[in-house]
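> Sequence:
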Amino acid sequence: MINGPSMNTDKKTDLCRIRNFAIIAHIDHGKSTLADRMIQTCGGLTEREMKQQVLDSMEIERERGITIKAQTVRLEFKAADGEIYILNLMDTPGHVDFTYEVSRSLAACEGSLLVVDATQGVEAQTLANVYLAIDNDHEIVPVLNKIDLPAAEPDRIKQQIEEVVGIDTDGAMQISAKTGRGVNAVLQRLVESLPAPTGNANAELKALLVDSWYDPYLGVMILVRVRDGILRKGMKVRMMATGAVYQIERVGYFTPKKMIVEQLNPGEMGFVTAAIKNVADTSVGDTITEEKRPARTPLAGFKPSVPVVFCGLFPTDTGQYDDLRDSLEKLHLNDASFHYEAESSAALGLGFRCGFLGLLHLEIIQERLEREFDLDLITTAPSVIYRIHMRSGDRRELHNPVDMPDPTEIEYIEEPWIKATVMVPDEFLGAVLQLCEERRGKQTELTYVGHRAMAVYRLPLNEVVFDFYDRLKSISRGYASFDYELEDYTSSELVKVSILVNEEPVEALSFIVHEKHAEPRGRIICEKLKGLIPRQLFKIAIQAAIGGKIIARATVGAMRKDVTAKCYGGDITRKKKLLEKQKRGKKRMRQFGNVEIPQTAFLAALKTSD
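Per this note's numbering, the sequence shown starts with residue -9, numbered consecutively.
Treat the hints loosely; a few may be bogus.
Stated by the list, open to error - Calculated cross-link-like contacts (lysine to aspartate or glutamate; reagent style EDC-like; alpha-carbon spacing at most 16 Å): (1) K267 / D316; (2) K68 / E182; (3) K226 / E281; (4) K168 / D138; (5) K168 / D18; (6) K432 / E477; (7) K223 / E252; (8) K247 / D18; (9) K409 / E333; (10) K506 / E428; (11) K463 / D18; (12) K539 / E494.
Said to hold, decoys possible - Simulated restraints on C-beta separations: (13) G224 / E435: 55 to 61 Å; (14) P395 / R564: 42 to 48 Å; (15) G224 / D366: 39 to 45 Å; (16) D366 / E399: 52 to 58 Å; (17) K520 / G383: 40 to 46 Å; (18) L340 / P524: 54 to 60 Å; (19) R513 / Y402: 23 to 29 Å.
Quick caveat, the hints were computed from the structure, so don't treat them as lab data.
Heads up, the beta-carbon is just placed ideally off N, CA and C, and yes, glycines get one too.
Construct the entire structure; sequences and hints are all you get.
Shown next as structure tokens:
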């Protein structure tokens, strides 16, 4: 329901009394808890309405304890000078896979609150998010959180921020988001330090489309940041990228409760609904303008996200294909950073090839499809985009190993390489360096800040997408942090490994891998399938092959039926005849028998890690 309390907004808030800011930090440094305390301090919700991580609205966010979607809330704060200030707060994710959410949020704000854990210090994602804020010309206010913990070392962490991030920490705030200590001072500091937004109420309307999501009752809802002009209820607006025209039905903002208002003024953030049925009309980063008096040039918008990991999503029940397509359309509206296109597979039927920003992103999308849309899905092995240079001079992009051309036509293959930054306590450094070397990594930098090392490596992306993050956390007991960015493409000795069951290729299980890792990875999948495929009345050969060369094999033994059980007495030749007859039958079955691979076997085999 959206029928929140209506508010009279004829009285405009002066631009100088508006502050738009994002909270940025590494995972688990306390962004969402600080947002809770700010909402509580400003009276956005009563004590009875408050709950932990109030802005993490999705069930999956609360279960995993991570923020996936950036959320916005409008607060009113009475400053020391007695004036009421409007604070538009955006709580952003911390994981590397959701960087696109962070960059979108930062584009809608003028300042950032950098939260650093006073016990753990600067982590890899702290650094990445600070660079994003600097790219957006943000004023950054550093805040040390969790200073109530016995292990907190605020002085050491301040020095670390100055050395690693390069921000002056003389005025860094010291708070405890859990207890609320220092939160009021942070709000006062935001009012004093952050710049006010700029905008002209009399100019043509320019509003940035920051986010959109699907509401089953109201259709598409849009989150906007008004730059110039006034966005009013009843106004006819045009989406500048798509040319679609709609009439605004509702205008409002979140406190975090929905509040309905008559208009949004320059510098303000809020939501609008306009009975939008076609989700393709609302592209994130678009500019909304008035149809009667349109703006001449659109706002800069956002750089489109570039997916780095691809996999196939197929419904276990082929009758759910249409439901899956509708669900992906609605989810894409809410998360513009994943891409999808239809594909078909001989083994799995009709489905979609989807692109993601990382493995956690893939996992979250799959889980959201299963929970929010009640779908039962099969996910194929993740792969990255390869560039194939043909002997004919053509260059192709390969998203799916199934589409690999004949090796005789290929000149060379390039794979994506990333620049990875790993921050780890020095006691685990040896194990981390060994892991990076195993994954064909090339060290470019190694520096120390106190007892923490920062290693910068060039790594092939296909070595990272499988289980690199899990292994890294395991060998460092959870203390290592990891961030990466796509760097370039480099030529490598890559091969396609096909999996054959009963001499029939199973395309859904084929994968591309470096030549030296082909045999061990092929052997792992063969052994795994051996334990997953049910036994038949004949032997089943499971093979991994590169072209016509078999590199690994496992055999599922035949079920043995005792055909001589009813043969009492008589000559031994009678038993031999029965056994020979059984042998001929098994040979014929092996020639014509069709091995059904259960869906559970696909799922388990695809989850195979190194």
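> Each hint needs a verdict: does it hold in this structure or not?
Cross-check of the supplied hints:
1. Of the supplied pair hints, the one linking K267 and D316 holds, its CA atoms being roughly 12 Å apart against a limit of 16 Å.
2. This hinted pair checks out: K68 and E182 have alpha carbons roughly 12 Å apart, not beyond 16 Å.
3. Between K226 and E281, the direct Cα distance comes to roughly 6 Å. Compliance with the 16 Å bound is thereby established for this hinted pair.
4. Under the criterion of a C-alpha separation no larger than 16 Å, the hint pairing K168 with D138 is consistent with the structure, at around 9 Å.
5. Taking the CA atoms of K168 and D18, the gap is near 12 Å; set against the 16 Å cutoff, the hint holds.
6. Note on K432 and E477: the hinted pairing holds, with a Cα-Cα distance of about 13 Å set against a maximum of 16 Å.
7. Restraint check for K223 and E252: satisfied, since their Cα atoms lie roughly 6 Å apart, inside the 16 Å limit.
8. The suggested pairing of K247 with D18 is violated, with an alpha-carbon distance near 25 Å, which exceeds 16 Å.
9. Of the supplied pair hints, the one linking K409 and E333 is violated, its CA atoms being roughly 31 Å apart against a limit of 16 Å.
10. Proposed proximity of K506 and E428 is supported: the alpha carbons are some 11 Å apart, at most 16 Å.
11. Restraint check for K463 and D18: the C-alpha separation of about 15 Å stays at or below 16 Å, so the hint holds.
12. Distance restraint check for K539 and E494: the Cα-Cα separation of roughly 14 Å lies within the 16 Å cut-off, and the hinted pair is therefore satisfied.
13. At about 57 Å, the beta-carbon gap between G224 and E435 stays in the expected band of 55 to 61 Å.
14. Between P395 and R564, the C-beta spacing of about 57 Å breaks the proposed range 42 to 48 Å.
15. Range check, G224 to D366: Cβ separation about 44 Å, and the 39 to 45 Å hint holds.
16. For D366 paired with E399, a C-beta distance near 39 Å fails the hint of 52 to 58 Å.
17. Judged by the Cβ atoms, the range 40 to 46 Å given for K520 and G383 holds: they are separated by roughly 43 Å.
18. Take L340 and P524: their Cβ atoms lie about 26 Å apart, and the range 54 to 60 Å is violated.
19. A hinted range of 23 to 29 Å for the beta carbons of R513 and Y402 is consistent with their spacing of about 27 Å.
Hint violations for this structure: numbers 8, 9, 14, 16 and 18, all remaining hints satisfied.
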